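Asker: Listed here are the chains, written in short residue letters.
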Amino acid sequence: MPSSNANSELWLSKGALAVPDHQKIHALTVWCDPAIWGLALYDDQAPWFTLIECLQLLTFRHREDKALFPGLDGKPDAPSHERQSYRIKLNTNLRHLLFRDQEVGRVASRGGANDEVRWHQWLKRTAEDFPDLDFSYLKPAFSDGFTHFAEALELMRSAEVEQFGQKRWTSRHLQPVGEAMLFPDVKMKDDGFALDRRFFQRTGEILYLMLNRSAERERLGQLVASRILKSDGPWNRIARRLQGPEADATTDQPKWVEAPTIGYLPLAHLARYDELARDWVSILSQSAIPLEDALEFLARLSGLHQVIYIAERAVDVAGRASLMPFVLEMTGSARNNPVQVLSAERYKAHKMLPSQAVEAFVESFTDMPEWREIGTGPMDCSHAKTLLSKRFAWAPKKTASAAGLPPPAEQLQAMLDAAKARNHDIGSTFTAHAKKVGLLTARQRAGTWYSPSDGLLEALVLANVDGAMELGQFLSVLRRRYHVVVGPEEARTRSGELPVPLEDLRENERRLEERLRVLGFINRKSDDCAFVVNPFSAGRAMAGRPAHATA
Amino acid sequence: MKDNPLVAFLASYGPSAASDSLADEHVQTAVARHGVAAIEAPAPKFDAMKEALLGVDPCSVILTGTAGDGKTYHIRRFYIDAASGDPKQWPGKEGVLRTSVHGRPLRIIRDLSQLTDAAKAEEIEGVTRSLLGEDRETLYLVAANDGQLLKFWRDAYEREEQAAPRKARYEAVLRTLTDMLHRDREAPEEGKLRVRLLNLSRTVTGETLDAVLDSILKHEAWDSGCARCPQAKSTTNPCPIHLNRALLMGSGPDGADAFRRRLKQAIRIAALNDQHVPIRQILILVVNILLGDSKKRDHPMLTCGEARKRAKDLDYARTNPFGNAVGLNVRPERRRALTVFSALETFGVGSETNTALDNLLMDCTPADTAAKLETRDPIYGNALFRQRLRHYRDGTEAAAGVNGFAAALEAQRRRLFFLMDAPDGAGQISPWRLTIYHHAGEYLAFAQALTATPPADPALVDTITGKLVKGINRTLTGMMVEDTQRIWLARSIGRSDGSSGRFTSLDPVPRRAATPQRLTAALDPATGRPRLHVVLRTPGQPDLASAPLELRPLLFEYLMRVADGSLPSSFSRQCQQEVRHFALAASSFIENHFTRDETEYLPIQILSVGQDGQIQSRDIGV
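Taken in order, these protein sequences are the chains called E and L.
Under the working numbering, the first residue of the first sequence carries the number 1, and numbering increases by one thereafter.
Under the working numbering, the first residue of the second sequence carries the number 1001, and numbering increases by one thereafter.
In case anyone wonders, no lab produced these hints; they're calculated from the structure.
Take the hints with a grain of salt, since some may be wrong.
[To be verified] Some chain L residues well away from chain E (every beta-carbon gap over 10 Å; in silico): (1) Asp1146; (2) His1182; (3) Tyr1316; (4) Arg1502.
[Stated by the list, open to error] Have a look at the derived ranges for each label pair, beta carbon to beta carbon: (5) L:Thr1453 / E:Arg106: 52 to 62 Å; (6) L:Arg1537 / E:Asp73: 28 to 38 Å; (7) E:Ala127 / L:Ser1608: 27 to 37 Å; (8) E:Pro338 / L:Gln1114: 31 to 41 Å; (9) E:Glu363 / L:Asp1155: 54 to 64 Å; (10) E:Leu133 / L:Gln1616: 50 to 60 Å; (11) E:Ser322 / L:Asp1155: 19 to 29 Å; (12) E:Glu503 / L:Ala1367: 38 to 48 Å; (13) L:Glu1345 / E:Pro338: 51 to 61 Å; (14) E:Pro338 / L:Asn1382: 52 to 62 Å; (15) L:Gly1348 / E:Glu503: 20 to 30 Å; (16) E:Glu363 / L:Gln1114: 55 to 65 Å; (17) L:Gln1114 / E:Ser364: 53 to 63 Å.
Note that the structure is a prediction, hence the values are computed from the model and not measured.
Idealized CB from N, CA, C, for every residue including glycine.
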């Protein structure tokens, strides 16, 4: 059945862009989550991996001299989905040294042996174990000795991100502080590598698409280029030195893998894209924040915005009025804590949202004559199957039943059940990413609720505070931009009611201040006024010379 | 026997809940009731107000400060003394009092929080016009807590529709006022707003404290009111109120004013730690030291009659001024609600100690130091303690409990803290060793030395800066290094592997050298706090400075202790964060100013500690 333009037959959520022809959707269980949220927000793709994937795309565009964020395809009045492809350098030598080699440390720690012997031992051993790899370039590159080479490697290893869990060596990654520190997510295949996307399932491409559709994409493009893509810091240079000749491999050499398509993001414009881009602009325009730290904040904030996107989008598609705010509980303790109870309830409610959205999405189809006109005869059952396959890429499990196909309603229900019970569904992404970015905390017996990590608090302060901002104002910004509620002022409903006693919310706000203070972000002026401060606000020119050397 | 009306009058300033409402308005009724002269509170910003409102090019004045700082008092004095307002009109029924100065209309808003929402909405536009210079005729004199003040404009800003012209104007005012408050600026940057922002919480100087103390201690009614009281002249059973007053005045047997000086220092330390103590709280403190009594918790103030009784019974343990100074005569929940006592409580006076100081108390060694204290105060020391110590050593007195020996020993430690002389420089026998701020003496000396340019005591500044540098280096590298002459801006790449820095891309920043960038210590003119920053000197151009490391007493203490080899866990985390932020901001500052040339690469230097404890670096970059 799949024709060349089968994608045009897919059922779309309201206002969504048509799915590009070349978008591969055959591997999907069912076209529900991707139709609503995009292809794909993947639960196992942790925030750093999302950022790295996004930077791979940007790095390629930068190298090829393409506009970083050209916006949607098509004409302004008839926009169409972006069509892009990109290539990623395999970077195998460096990756082997970092994540597969076990010999460098061993050889370096061996006392007594002279440098020449060490090089010889290591090169010989490596040539035996991995005949395809050639590391003869390293000795001249590290003419100051094997130990220095080992030290550089050791230091570089300290830059690994998302170190949890056992991963194959071709799925491990460094902080992306330079183009030489990027690797694709591949598997070894025959004599080469294939882009199998074990972890990189286009969540980073979705991030790219969101940024590409934001209002501030031009300004952002300049900042990304100047601060990230053009930076050739000391880390990148060590990485290049360890890479050897691969450092200068051009894209036509077989040292690259090709990503022929990118992900699908349904809606052309959303306020959430703009908020996301605003945080990128805010972080990147603060030159006092070192790049390594800036990237971590971007990873977190991007993940946070994607989590909010999942919830907002669900509310929208499910046709509900508005998103109930994330109530952040500040102590991280569940004992006798009404704020924690409320926060846990909110989480439960949010977690229900995706399946409500999926139901509404499918309902938007079944309300159509196309489906309503189907009867219950044998032909109808077969027609229903074809229709569900066309609209939702849905193929039921083969049944050996002689009775033939089940009636259409049953087929539909089976599809809905499969959409909701799918592994790695969007609800799982919501939870996994909310935890990873530090929004959600889970404790045995106590439950799961919104309680921010220090890292998230830090990112929120640095993205939103320019110089200093009064605490009350900061809380109001968090409410407006992230649906986040901490204290009584923001918790009040429209009718003026408080969901939990005032004193508990006040205490919650005090805890936030205390946590920010310990993080070095609070300047309390009086019992009535505290400022949230951004310590990276630039140093100022001093009037005259009031400072004197301490000599 | 006639009671001194001053005692009853002062008691109304005491730590009872009623004194919370003892704002300027109520003082005058109290004066009338007791028939004694009012306590002359200082008005440190009065001249600045006059200068702004009555000058050649007058502008509006906003007074901010914590409750109890004397905002209303300042305004009333201005209204009556400077604007020749009619005292009968004061304070007026409405929230806004209209008058004029030099022919210009002046609108006085005595307390912004008292205005109704409707009245606020009515005033906001007028104040904004005056501040933005759109209305150069009308002047405003506004008092508000700083939080309320910002909220006034924030609410107005949030009320306006997006893109409404007023929204941008309110935002401009809000931004500038926020910046001024945050940076402790009285005047806005050139041309931004026509206003003086006078923050009474930033002005409690030694002189202000002295003025408050003297207004009570040197009150005329002490002489006249006690003339006919037999206890006043007694040497065997002296009146505890007189006794406490003499100790605080420094008019005791040896004439030393250690008590008063130590109090002032402690309040200063608290303020530099952002625990500002308002003037009204200072009044509470002084009155409580004089009249505090711990016999009945619900009556923490002595009357003349009770004072005579304590004297006759030699029950001086109840009136101990050193316990009163930290509010022990007041119920704990009440004590914690009072800023002054909660600020002093953080010092830990009574529980903090060391062996040398406990030996001084228990064994009177060194003898001359112990003897000196007894001369200074013969009532609250040995007289209360020796016998209990003997019983304790005999085993007839329990250590624990409310009245146990431990409590008596703590009382002696408090007395020691407030009475003993501070030695020159550091040492175990120092009053500050009885607090968590072991190095407060050095801190104050350091700040004092930095008030002059060049520093008054270069040797002291040099030694202390060296120790601070060592503390910073140890914090950043996580190694027990000894460098005191230069800061290594060490960092790590993965933020997950703790705060220890293994490498740096920058050369160390020296304290003194011919290099253009160097580390300097200076005093923040607004807060009086010492701070460190990296200063970049380019000939013919003004100096540039990185974001400073604000040396609050707590951070100073942390760095000094780290330099001495210990890690004070209770306040480490915050201090580490502050040092880390400073180092990151300083690194970026240097990089942004020095590596303009894009071909110039930053090295990566791996750090290690050498035999001599100095940091060594090895470049592994290209």
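Asker: For each hint, tell me whether it holds in the structure or not.
Answerer: Verification of the hints:
For Asp1146 (chain L), the condition that its CB be more than 10 Å from all CB atoms of chain E is violated, with the nearest at approximately 4 Å. Here His1182 (chain L) does not stay apart from chain E, with its beta-carbon only about 4 Å from theirs, under the 10 Å limit. Separation of Tyr1316 (chain L) from chain E is adequate, the least Cβ-Cβ distance of about 35 Å exceeding the 10 Å criterion. A beta-carbon of chain E is positioned within 10 Å of the beta-carbon of Arg1502 (chain L); the least distance is around 7 Å.
For the hinted restraint 52 to 62 Å between Thr1453 (chain L) and Arg106 (chain E), the CB-CB distance of approximately 59 Å keeps it satisfied. Distance hint for Arg1537 (chain L) and Asp73 (chain E): a CB-CB separation of about 54 Å, inconsistent with the stated range 28 to 38 Å. Checked against the given bound of 27 to 37 Å, the beta carbons of Ala127 (chain E) and Ser1608 (chain L), roughly 32 Å apart, stay inside it. Taking 31 to 41 Å as the suggested C-beta distance range, the pair Pro338 (chain E) and Gln1114 (chain L) conforms, at roughly 33 Å.
At about 43 Å, the beta-carbon gap between Glu363 (chain E) and Asp1155 (chain L) misses the expected band of 54 to 64 Å. A C-beta distance of roughly 34 Å is found between Leu133 (chain E) and Gln1616 (chain L), which places it outside the suggested range of 50 to 60 Å. Ser322 (chain E) and Asp1155 (chain L) have their C-beta atoms about 23 Å apart, which keeps the hinted 19 to 29 Å range intact. The hinted window of 38 to 48 Å between Glu503 (chain E) and Ala1367 (chain L) is violated, with their beta carbons roughly 55 Å apart.
Between Glu1345 (chain L) and Pro338 (chain E) the C-beta distance comes to about 29 Å, which lies outside the given range of 51 to 61 Å. Between Pro338 (chain E) and Asn1382 (chain L) the beta carbon distance is about 54 Å. The supplied range of 52 to 62 Å therefore holds. Between Gly1348 (chain L) and Glu503 (chain E), the C-beta spacing of about 29 Å keeps the proposed range 20 to 30 Å intact. Roughly 56 Å separates the CB atoms of Glu363 (chain E) and Gln1114 (chain L), a value that falls within the hinted 55 to 65 Å.
Between Gln1114 (chain L) and Ser364 (chain E), the C-beta spacing of about 56 Å keeps the proposed range 53 to 63 Å intact.
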